[in-house]
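The opening position of the sequence shown corresponds to residue 729 in our numbering, with each subsequent residue numbered one higher.
By construction, these hints were calculated from the structure, which means they are not laboratory data. A virtual CB, placed ideally from N, CA and C, is assigned to each residue, including glycine. Treat the hints with care, since some could be wrong.
Unchecked claim - Pair by pair, the computed Cβ-Cβ distance ranges are:
1. W1252 / Y746: 45 to 53 Å
2. S1107 / G1264: 53 to 61 Å
3. S1111 / W1252: 38 to 46 Å
Said to hold, decoys possible - Below 27 Å or equal to it, Euclidean Cα-Cα: the simulated DSS-like pairs (lysine-lysine) are:
4. K1301 / K1279
5. K1087 / K1135
6. K1190 / K1148
7. K1258 / K1279
8. K826 / K813
9. K822 / K1135
10. K1148 / K822
11. K862 / K840
12. K862 / K779
13. K909 / K939
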Amino acid sequence: MFEDIIKKVLAHHDDFTYDEIYEFCNDFYKEIPDKIKEETKLKRLMKYIDKEFELETKEFTFESNSTKEYNLETIPKSLFEWKSKIVSSLVNIKNLSKNIEQTHLFSDANLKINSDEKVALIWKNGAWKTTLLKLIIWSDKTHSSVVDSSLLHDNIDWFIELAPGLKIWYLSQDLFWKSDKNTLRQEMLEIFPEINTKIDRLNEIKNDHSKWEEIEELSKYLIDNDWYKKHALQLEILKYFWFTDEQMNFNVLSLSWWEQTKVQIAKFLIQEVDLLILDEPTNHLDIEGIIFLEKFCKNWKKAILSISHDVRFINNTSTRIAEISNKKIHNYPWNYEEYLIEKQARFDKEMRDYTNQKKDIDKEMDYINRFRANSAKASSVQSRIKALNKIDILSPPENESVVRMIKINLDKRLPEIIMKLNNLEVWYDLPIVTLPENIEVHKSDKIWIIWWNGAWKTTLLKTILWELKPLSGEVIINETIKVWSYSQVLEDLDLESSIIDELSQNYWSITEIRTILWWLLITWDKVDQKISTLSGWERAKVALTKMLLVKPHIIVMDEPTNHLDLHSKEVIKKMLESFNGTTIIVSHDRDLLESVSNKVWLVRDKKLKIFDDAIEWFIEVFEQN
C-alpha cells in the first residue's frame, strides 16, 4: 500500500532501509481515524512524509529546457563515429523453421542484417516478432546486457548465424534493470563489472602497505584497461543527456520512462556495440523523446534492428523494412508508403499463385476420385497421387492492408457547444495546470493534448471527466451527453472476467460484439478467455470494443495506440476520422495527430495554450526553438 511513497523516499535518502520507511509510514497511518477515506489517508501520509523527509521542494522527475532535450549537438561526435569492426553480415537467419508447443511460428524464414543497415521489423500483433528477437539474442538469459555472440553458438539453433565477436545491445519494452535498488550512478558503474570489482578491492587495501604488490598489480590492470577514461566517460555521458548531479543518486526506477530509456542509450554508447535491437522503443515516450531517439538513430553509424508500429519512426530511422507474414520474412528496401504498394503487388501475385495451384490440385483430385476404382486407369491415378504428394502446398496469403471500417453512429443530434471549462485550475497536491479563462468545446472538435511525459496531461483528462476535483473553476457538460474514456492502463477491465462476459454485461448483441472484434482482428474462438490471460495489445482491443459498443458522444482517450499494431492503429485512425462527435485525446502518435486533430492543447510551464492545427503547434514548439 505504501510502495510508491517508499520508492520516492529511497530515491532521495538511500541511508534509510525499506523496512524503516515502511514502519515510519505505518505508525502515522494507524493514527488516522478509520472513518476517513482511504485516499484522504494516503494524501495526509504523503504530506507528512514530504515534510519529515524534506521532499516538498524536490521534483521527482527532471524537466529541462525543451531545446536541450532533443538536441544532440552537445554529445561528442566521436560517440557517433564508432563504426562496427565487422564488415560482413552481422546476423544471417537461413531457412528458419520453429515450433513452440503446437504452434508453427516460422517456415523457411530468411533474414540478413549487414553492418550498415537499419531494419524495421513489422507485422501484426502476435506475429512472433519479439520471439524472433529472442531467438537472435537469447534474451531470456541476457536481457539488456551486452551479448557476446561466442556465448550463443552452443545455445541457439544452428540456423541463426552471428558474426564472430558480434556485440548486441537489446533495449526491451520492459527496460530490464540488474537491480531494482541501483541508483543511476551504480547502474552506470555496473557496465564493466570486472573493473569495478578491482576498484572496490583497491579502495579496500590502498592504505595497507603490506599489500603493495597487489596494489601495484591492480593499478596496472586499471591503467591497461583504460579504466580512468572509461570511468570518466560513464559519468560524463549522463550529463550529455541532461541528468543532474542530484539525479545520479536517484533510484533508476524512480526516473520517468523516457529518462530510463536515455540511461539505456547512454550505457550502450559507452560499450561500442555492433548491433542495437529496439523492441517498440517509442512506447511510453513523449514526442520530444521520440524525436530525440529518431535523431540519435539517424546519426548512429552502426546497425539497428527495431520492432516498431510507429510509421514516422520507421520512415525516419530505417533503410529497409522486413515484414513477417505467412511464417516467412519478406524484405522491402523502401519507406512505409512504398512498402504498402509493393506489399499489395506481392499479395496479388501470391493470391494468383495460390488460386492457380488450387485449381490445378482440384482438377487432379477430381480425376483421381473419378477413376480411383477404374483398373484401366490405376497406373495413371497412382502417378497423379505421387505427383500431388510432392507438391509444396501454398497457403492463402495474408492481407491486412485493407482496413476494416468502423463507424460510430450517434443516437441523437448534438448541441453546438457540448462542454465548458470555466476558469479551470487543475491540481494534484499542488496547482499544476492553469487553463485560459473560458474554453468552449464544440461538437466537431478533435482536440489533441500534448507535451512531455509528466506534464500532467492525464490529470487534466481526469479533471475534465469529473474524476478529480479542480482546484478552482468548473467543468460543465450537457447532462444528456454520453462520455466514454479509454485509459492507457486499461483500468476499466475486469481481469477475472472473460472477453464475452466483459462485453455482454450491458446487453449488447452478440452480432455487434462479433462485428467489432472482427474489425480489430480478434477471432471468436478467444471470447471465452479470461482477460488476465490476454496480452497487452489484446486487452487494448477489448477496451476499444467496449468503447465502440457504448456509442458515446464524447470520446476521451489516453494513449489509444499504445500496444497496437499498424493495422489496428489504422482502424482507430479511420474510426476517429469518421466520428462526428467530439474527441479529446492524449497521444504522442504523430501520424494520428495530423490525421485526426483540428485543435492542439499544449501543456507547458503549468499553462495550457490552444493551437488551431497541428502544423502551427509543431512550428512554434520545434522549429522556432
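Against the structure, the hints come out as follows:
A C-beta distance of roughly 47 Å is found between W1252 and Y746, which places it inside the suggested range of 45 to 53 Å. With their beta carbons about 59 Å apart, S1107 and G1264 fall inside the hinted range of 53 to 61 Å. Between S1111 and W1252 the C-beta distance comes to about 43 Å, which sits within the given range of 38 to 46 Å. Simply put, K1301 and K1279 have alpha-carbon atoms about 16 Å apart, close enough for the 27 Å limit, and the pair holds.
With a CA separation close to 38 Å, the supplied pair K1087 and K1135 exceeds the 27 Å bound. Taking the CA atoms of K1190 and K1148, the gap is about 15 Å. The hint holds against a cut of 27 Å. The hinted pair formed by K1258 and K1279 meets the criterion: a straight-line CA distance of about 24 Å does not exceed 27 Å. Between K826 and K813 the alpha-carbon distance is near 31 Å, which puts this suggested pair outside the 27 Å criterion.
For a cut-off of 27 Å, the pair hint linking K822 to K1135 is broken: about 44 Å separates their Cα positions. A C-alpha spacing of about 61 Å is found between K1148 and K822, which places the hinted pair above 27 Å, so the restraint is violated. Straight-line distance between C-alpha atoms of K862 and K840 comes to about 16 Å, which keeps the hinted pair within the 27 Å bound. In summary, the hint linking K862 to K779 is not supported, as the alpha carbons are separated by about 46 Å, beyond the 27 Å threshold.
The suggested pairing of K909 with K939 is violated, with an alpha-carbon distance near 33 Å, which exceeds 27 Å.
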